[in-house]
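K.L.:
Chain residues, written in single-letter form:
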Amino acid sequence: DIQMTQSPSTLSASAGDRVTITCRASQSVSRWLAWYQQKPGRSPKLLIYKASSLGSGVPSRFSGSGSGTEFTLTISSLQPDDFATFYCQQYNTYSYTFGQGTKLEIK
Amino acid sequence: EVQLVESGGGLVQPGGSLTLSCAASGFTFSSYEMHWVRQAPGKGLLWVSRVSDDGSTTHYADSVRGRFTVSRDNAKSTVFLQMNSLRAEDTAVYFCARPREAGNAELNYWGQGTLVTVSS
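For the record, the sequence lines run as chains A and B. Just so you know, we're using our numbering here: the first sequence kicks off at 1 and counts up by one. Just so you know, we're using our numbering here: the second sequence kicks off at 1001 and counts up by one.
This is chain A alone, in the form it adopts within the complex (with noise of 0.2 Å):
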């Protein structure tokens, strides 16, 4: 099966920073990969699909890069509203793997 593996596992940061979370395939995924945001007691959220398409309402502050086995999620100025944690699935093969996800702390 394919492993999806991101970095870092926490991240402290303020309100109006830059961010950026990766996430690195054990095998190449082409752009079948999909980043989701959850907060506590929450179901995941759809943020990005196919590497780059923005999910459906999802503010453009929030942006997707990658192919093949690197990606990167990136927050181009943190609001109040976005401290959840992230995580990204590979969907390329039948396993449709999750990684272990990236918790994003108010600094």
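Hints in this document: simulated from the structure, not taken from any laboratory. Where a beta carbon is used, it is the ideal one built from N, C-alpha and C, also for glycine.
Under 10 Å between C-beta atoms, here's a sample of chain A residues computed to sit facing chain B: (1) L33; (2) R42; (3) S43; (4) P44; (5) K45; (6) T85; (7) Y94; (8) G99; (9) Q100.
Computed list of lysine-lysine pairs in DSS-like fashion (alpha-carbon distance at most 30 Å, straight line): (10) A:K45 - A:K103; (11) A:K50 - A:K103; (12) A:K107 - A:K45; (13) A:K50 - A:K39; (14) A:K45 - B:K1076; (15) A:K103 - A:K39; (16) B:K1043 - A:K45; (17) B:K1043 - A:K107; (18) A:K50 - B:K1043; (19) A:K39 - A:K107; (20) A:K39 - B:K1043; (21) B:K1043 - A:K103.
Since the structure of chain A is provided, determine the placement of chain B on it from the hints.
P.N.:
Same frame as chain A, but now just chain B:
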């Protein structure tokens, strides 16, 4: 409005069985594959299973293959997850999810989840 409502969670003993249901509404259910994803307490997301739009094809995570069975009833717009030989490590909130578009697999719609606790 797309809605997914899971049910059937609860407390079960190790080795026991449980069947989860996910009732869908607000879209043409038979046009979409459906997925189950779980999250153990305080842990990350783990993809569990997928069933194709017509129910003919299924896929499972290695950790549940041979113990869990996914199925669907398109007439009732419901997807099921039958879980057998349950273990303590299966304790989690189980979400059902639908892709953004038919023929795609990015999960845009999620239920609220149902908690399964495996304990004696």
